[in-house]
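Peer 1: So the protein sequences, as listed, match chains B and C.
Taking our numbering, the leading residue of the first sequence gets 51, the next gets one more, and so forth.
Taking our numbering, the leading residue of the second sequence gets 51, the next gets one more, and so forth.
Be a bit skeptical, because a hint or two may be false.
Identical chains share a label here; the pair holds if one copy fits it or two copies do between them.
Stated by the list, open to error - Subject to a maximum C-alpha distance of 25 Å in a straight line, what follows is the list of computed DMTMM-like cross-link-like pairs (lysine to aspartate or glutamate):
hint, residue 1, residue 2
1, K414, E471
2, K394, E471
3, K189, D150
4, K275, E491
5, K468, E171
6, K505, E318
7, K313, E506
8, K490, E210
9, K394, E452
10, K313, D150
11, K464, D436
12, K505, D436
13, K283, E344
14, K293, D267
15, K414, E188
16, K88, E208
The hints are simulated quantities; they were obtained by calculation from the structure and are not laboratory data.
2 protein chains.
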Amino acid sequence: MLHSSASTSFCLSFMPIIAKNLLTSPSGFIDFPPPIAKTLEHFLQIIRKHYELHGFIPIETPLVERSEILTAKASGEITNQMYGLRLLNPHPKATDDSKDLALRFDHTIPLARFVCAHLREIKFPFRRYAIGPVFRGEKAKEGRYRQFIQADIDTIGEGELNLAHDAEFVSIISGIFHELNIGPFTIRIGHRKLLNAYFSYLGIPNDNHPQILQAIDKLEKIGQKEVRSLLSKLHLSNSQIDKLLSLLMTSGRDAAHYLDSLKHVATEIGESFTQGVLELRLILQCIQSLRVPESCYAFDLTIARGLDYYTGVVFETRLNNYPELGSIASGGRYDNLTEVYMDKKMPGVGISIGVTRLLLRLLKAGLLPESLGATANMFVTTAESDPSYLTHYLAYAHELREYGIPTEIYLQPKSLAKQLEYAHKRGFTYALIATAKHLKENKLAIRHLPSGRQKELAHHQLMEALNSF
Amino acid sequence: MLHSSASTSFCLSFMPIIAKNLLTSPSGFIDFPPPIAKTLEHFLQIIRKHYELHGFIPIETPLVERSEILTAKASGEITNQMYGLRLLNPHPKATDDSKDLALRFDHTIPLARFVCAHLREIKFPFRRYAIGPVFRGEKAKEGRYRQFIQADIDTIGEGELNLAHDAEFVSIISGIFHELNIGPFTIRIGHRKLLNAYFSYLGIPNDNHPQILQAIDKLEKIGQKEVRSLLSKLHLSNSQIDKLLSLLMTSGRDAAHYLDSLKHVATEIGESFTQGVLELRLILQCIQSLRVPESCYAFDLTIARGLDYYTGVVFETRLNNYPELGSIASGGRYDNLTEVYMDKKMPGVGISIGVTRLLLRLLKAGLLPESLGATANMFVTTAESDPSYLTHYLAYAHELREYGIPTEIYLQPKSLAKQLEYAHKRGFTYALIATAKHLKENKLAIRHLPSGRQKELAHHQLMEALNSF
Numbered sequence: 051m052l053h054s055s056a057s058t059s060f061c062l063s064f065m066p067i068i069a070k071n072l073l074t075s076p077s078g079f080i081d082f083p084p085p086i087a088k089t090l091e092h093f094l095q096i097i098r099k100h101y102e103l104h105g106f107i108p109i110e111t112p113l114v115e116r117s118e119i120l121t122a123k124a125s126g127e128i129t130n131q132m133y134g135l136r137l138l139n140p141h142p143k144a145t146d147d148s149k150d151l152a153l154r155f156d157h158t159i160p161l162a163r164f165v166c167a168h169l170r171e172i173k174f175p176f177r178r179y180a181i182g183p184v185f186r187g188e189k190a191k192e193g194r195y196r197q198f199i200q201a202d203i204d205t206i207g208e209g210e211l212n213l214a215h216d217a218e219f220v221s222i223i224s225g226i227f228h229e230l231n232i233g234p235f236t237i238r239i240g241h242r243k244l245l246n247a248y249f250s251y252l253g254i255p256n257d258n259h260p261q262i263l264q265a266i267d268k269l270e271k272i273g274q275k276e277v278r279s280l281l282s283k284l285h286l287s288n289s290q291i292d293k294l295l296s297l298l299m300t301s302g303r304d305a306a307h308y309l310d311s312l313k314h315v316a317t318e319i320g321e322s323f324t325q326g327v328l329e330l331r332l333i334l335q336c337i338q339s340l341r342v343p344e345s346c347y348a349f350d351l352t353i354a355r356g357l358d359y360y361t362g363v364v365f366e367t368r369l370n371n372y373p374e375l376g377s378i379a380s381g382g383r384y385d386n387l388t389e390v391y392m393d394k395k396m397p398g399v400g401i402s403i404g405v406t407r408l409l410l411r412l413l414k415a416g417l418l419p420e421s422l423g424a425t426a427n428m429f430v431t432t433a434e435s436d437p438s439y440l441t442h443y444l445a446y447a448h449e450l451r452e453y454g455i456p457t458e459i460y461l462q463p464k465s466l467a468k469q470l471e472y473a474h475k476r477g478f479t480y481a482l483i484a485t486a487k488h489l490k491e492n493k494l495a496i497r498h499l500p501s502g503r504q505k506e507l508a509h510h511q512l513m514e515a516l517n518s519f
Numbered sequence: 051m052l053h054s055s056a057s058t059s060f061c062l063s064f065m066p067i068i069a070k071n072l073l074t075s076p077s078g079f080i081d082f083p084p085p086i087a088k089t090l091e092h093f094l095q096i097i098r099k100h101y102e103l104h105g106f107i108p109i110e111t112p113l114v115e116r117s118e119i120l121t122a123k124a125s126g127e128i129t130n131q132m133y134g135l136r137l138l139n140p141h142p143k144a145t146d147d148s149k150d151l152a153l154r155f156d157h158t159i160p161l162a163r164f165v166c167a168h169l170r171e172i173k174f175p176f177r178r179y180a181i182g183p184v185f186r187g188e189k190a191k192e193g194r195y196r197q198f199i200q201a202d203i204d205t206i207g208e209g210e211l212n213l214a215h216d217a218e219f220v221s222i223i224s225g226i227f228h229e230l231n232i233g234p235f236t237i238r239i240g241h242r243k244l245l246n247a248y249f250s251y252l253g254i255p256n257d258n259h260p261q262i263l264q265a266i267d268k269l270e271k272i273g274q275k276e277v278r279s280l281l282s283k284l285h286l287s288n289s290q291i292d293k294l295l296s297l298l299m300t301s302g303r304d305a306a307h308y309l310d311s312l313k314h315v316a317t318e319i320g321e322s323f324t325q326g327v328l329e330l331r332l333i334l335q336c337i338q339s340l341r342v343p344e345s346c347y348a349f350d351l352t353i354a355r356g357l358d359y360y361t362g363v364v365f366e367t368r369l370n371n372y373p374e375l376g377s378i379a380s381g382g383r384y385d386n387l388t389e390v391y392m393d394k395k396m397p398g399v400g401i402s403i404g405v406t407r408l409l410l411r412l413l414k415a416g417l418l419p420e421s422l423g424a425t426a427n428m429f430v431t432t433a434e435s436d437p438s439y440l441t442h443y444l445a446y447a448h449e450l451r452e453y454g455i456p457t458e459i460y461l462q463p464k465s466l467a468k469q470l471e472y473a474h475k476r477g478f479t480y481a482l483i484a485t486a487k488h489l490k491e492n493k494l495a496i497r498h499l500p501s502g503r504q505k506e507l508a509h510h511q512l513m514e515a516l517n518s519f
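Please build the complete structure, drawing on both the sequences and the hints.
Peer 2: Now the structure itself:
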């Protein structure tokens with residue numbers, strides 16, 4: 051066992067000392083080799099693009115915050131998963147101020163802290179996005195990671211925030227998942243106000259609402275019968291359960307008809323419910339104005355995420371063909387972002403995409419096109435091993451890059467056959483070959499690596515040829 | 051003072067409890083508000099682009115590694131700056147395995163660990179890049195941060211690595227700093243072999259080399275006279291000092307002439323020196339083939355970075371007009387990346403760009419164009435406050451986004467004047483205005499916010515108008 055002291059490191063630096071099983075990344079912390087890292091980057095670029103298209107701007111807060119900022123509003127469960135810092139080798143006489151620091155576990159608390167700290171510079175409504183890793187020290191298991199990337203987007207208002215803002219998020223999610231091209235998806239839109247009003251109408255006391263929401267949330271997973279038995283254990287009468295399930299099972303030909311059906315029930319239930327239906331109707335109008343395809347969204351009262359956090363509209367997104375992946379983009383409206391930190395009302399609405407989890411699950415399900423993992427587009431061989439030819443090959447590589455084509459050149463002294471074998475294994479499709487004879491005649495060859503077919507051309511035809519690939 | 055226990059968090063969540071001075075980010079951890087975060091993203095995209103153009107591929111390793119991996123080769127100074135993890139609220143009965151973990155302090159150690167762990171899948175030479183935050187728990191001060199982004203790029207060979215690889219880095223750095231457009235720069239290229247050979251020729255014992263290198267490194271900062279006195283304190287004779295400084299002051303009309311001058315001296319000094327000059331000559335040929343502009347690089351034996359790490363060619367990059375910023379992209383050749391972890395020779399060459407430091411220094415020096423901090427390109431007003439008009443405005447926003455124009459729409463119930471004031475303060479240049487009258491006539495107005503000039507056009511002329519801006 052190695053000690054982390056400075057004095058031992060020098061003599062150890064000349065022998066291999068780390069046991070092989072320690073060379074993997076720690077449990078719950080993932081290594082992304084090149085093809086996956088490239089796909090990850092591709093995902094993040096698409097997400098970023100749609101966030102910016104909708105006028106959202108980035109902020110970067112540090113991965114490290116003061117522990118008391120992070121714990122001020124966190125639940126016990128979350129606090130137990132928080133990673134604090136410490137100096138590995140604290141100086142015996144100095145105080146270790148890193149002990150007051152911890153790693154962020156989401157982007158929301160840092161956003162709240164940022165808004166308070168930069169209140170004067172921010173113009174509201176503040177549309178911001180934040181993409182980066184967050185940390186949770188929970189037991190690592192399938193689909194649970196200790197470090198994972200969240201891509202968050204929120205709109206924060208000062209005092210009040212028009213409902214039309216909520217609709218923008220449907221347009222954003224839709225844009226992203228269309229471009230990611232991972233199959234059909236449905237954004238489900240719920241409203242906490244409706245369920246709460248209905249619970250009150252049914253005479254269910256407020257204290258019971260969270261547990262009932264939890265039961266309802268399981269509807270899709272465990273079915274009506276099981277949910278019935280859960281609700282009855284929560285002391286709902288059969289009549290209450292019947293009415294509740296009949297509301298939840300309300301359906302309509304499309305989103306507009308569904309809202310019509312709800313409106314029908316609404317008169318009976320009361321003003322708050324009617325109000326909620328009107329709000330969903332406004333959101334529907336906005337979504338339609340933003341030209342979100344109708345097949346991509348649905349109203350659904352059963353989604354009940356974020357029990358004590360969301361207070362209005364809530365969102366979930368599922369891949370139609372892979373419901374088992376769970377929600378891949380979720381969020382909603384909340385009353386007050388900054389209540390723990392200052393005395394000012396800051397309502398907000400936001401969504402978060404769990405990028406690491408999504409990516410790794412898609413990979414596992416075989417849903418990602420291989421080509422996303424491609425490396426550079428062109429492989430330039432050094433067909434002649436004599437160093438005097440090197441300048442020609444480097445100049446070719448430069449020429450390709452000038453045209454914006456990512457290009458790798460092979461610079462080791464290996465035979466052409468070995469170079470082509472390497473390029474093929476690395477996943478290149480095309481290789482540029484220029485032998486001494488080629489160079490003398492100002493020619494070159496482009497080889498299609500999968501088939502081995504090769505085409506000779508004059509140097510000046512290179513770009514033309516590349517365009518035709 | 052708030053305690054980080056779960057039981058207190060609930061009752062606290064209803065009152066503002068955090069002292070104002072705690073709402074800033076912790077010392078040494080920086081908040082990037084939108085314009086700077088956007089510029090940061092812009093920088094990273096340019097860096098990534100040139101890395102990929104040269105055939106480098108990304109890997110993503112976690113920010114957290116096993117402490118013993120990180121400390122195995124680190125110096126005492128670095129180990130003292132390492133942040134270890136711990137659970138904030140460890141379970142009294144469970145062991146806290148997070149205590150074996152620490153935050154990475156560079157990208158090189160994780161690369162070495164990654165190469166060992168994925169040895170079978172990697173094809174060598176392995177050209178990889180890694181961009182992301184690293185951590186150092188040192189005292190935060192001007193230009194020193196506890197979390198900062200490094201953009202690293204390395205080529206790793208198996209057994210041997212052709213010298214031509216080193217030249218690629220000059221092309222990459224040059225491409226990046228040209229596109230960043232922050233003024234003229236010089237990539238200085240040195241070679242450890244030359245200085246070492248010269249030291250031996252002068253009869254200076256090996257043990258003294260590191261201190262002498264440190265003294266030489268200060269030449270530019272403190273001048274010849276001071277360096278003379280430092281060298282004489284290191285027991286060099288006047289004759290040794292004269293010869294050494296005369297070598298270091300060797301100059302030439304351009305890089306090729308400089309190498310000629312060195313070659314002239316070389317015959318006297320010995321084979322290792324001659325060999326080093328030949329290696330630099332090969333590198334120069336490669337750099338020229340890669341069409342790096344001659345004004346961007348120079349050979350310079352005085353750069354002596356990374357005392358016990360680099361073993362061959364070394365690089366530094368400075369902004370010609372801002373030498374006080376120090377080196378903004380540095381690196382070099384090393385003998386063996388993985389020596390601590392396994393018994394296999396893996397030579398490499400790489401550079402690292404300290405992005406956070408570069409960005410913040412450029413900002414401070416006023417070297418960044420303001421426009422990089424721009425938010426969305428178009429601001430769509432909601433000129434009529436009646437909600438029935440909202441659908442028109444949302445549809446306009448959608449239309450602009452379809453054309454790829456980042457667009458923000460104002461959705462709060464404020465007067466048009468207030469909306470335009472907000473847009474102006476936010477830094478928008480153009481706003482789209484459509485009053486009821488406009489909409490009835492299928493028209494709209496584009497307002498140039500800085501001047502207040504406004505132009506009316508028919509809806510179908512919108513794109514045409516945008517193209518002419």
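Peer 1: Look at each hint and say if it fits the structure.
Peer 2: Going down the list of hints, with the structure as the test:
1. Taking the shortest Cα distances, K414 and E471 never come within 25 Å of each other, neither inside one copy (28 Å) nor across copies (50 Å).
2. Taking identical chains as interchangeable, the C-alpha atoms of K394 and E471 lie at most 25 Å apart only when they sit on different chains, with a minimum of 23 Å there against 65 Å within one chain.
3. For the homomeric pair K189 and D150, the shortest alpha-carbon distances inside one copy (24 Å) and between copies (15 Å) are both at most 25 Å.
4. In the homo-oligomer, the alpha carbons of K275 and E491 never lie at most 25 Å apart, since the shortest distance is 80 Å inside one protomer and 58 Å across protomers.
5. Taking the closest pair of Cα atoms, K468 and E171 come within 25 Å of each other only across two copies (17 Å); inside a single copy the shortest separation is 59 Å, beyond that limit.
6. Taking the closest pair of Cα atoms, K505 and E318 never come within 25 Å of each other, the shortest separation being 77 Å inside a single copy and 52 Å across copies.
7. For the identical chains of this complex, K313 and E506 are neighbours neither inside a copy (71 Å) nor across copies (42 Å), given an alpha-carbon limit of 25 Å.
8. For the identical chains of this complex, K490 and E210 are neighbours neither inside a copy (74 Å) nor across copies (31 Å), given an alpha-carbon limit of 25 Å.
9. In the homo-oligomer, the alpha carbons of K394 and E452 never lie at most 25 Å apart, since the shortest distance is 54 Å inside one protomer and 37 Å across protomers.
10. In this assembly of identical chains, the alpha carbons of K313 and D150 never lie at most 25 Å apart, being 52 Å within a copy and 58 Å across copies at closest.
11. In this homomeric assembly, K464 and D436 come within 25 Å of each other (Cα to Cα) only inside a single copy, at 11 Å, whereas the closest approach across copies is 73 Å.
12. Only within a single protomer do K505 and D436 lie at most 25 Å apart by alpha-carbon distance; the minimum there is 24 Å, versus 66 Å between protomers.
13. When the C-alpha separation of K283 and E344 is checked against a cutoff of 25 Å, the pair qualifies neither within a copy, at 38 Å, nor between copies, at 80 Å.
14. In this assembly of identical chains, the alpha carbons of K293 and D267 lie at most 25 Å apart only when taken from the same copy (17 Å versus 81 Å across copies).
15. With identical chains, the CA atoms of K414 and E188 are at most 25 Å apart within one copy only, with a shortest distance of 22 Å there and 41 Å across copies.
16. Taking the closest pair of Cα atoms, K88 and E208 come within 25 Å of each other only across two copies (23 Å); inside a single copy the shortest separation is 39 Å, beyond that limit.
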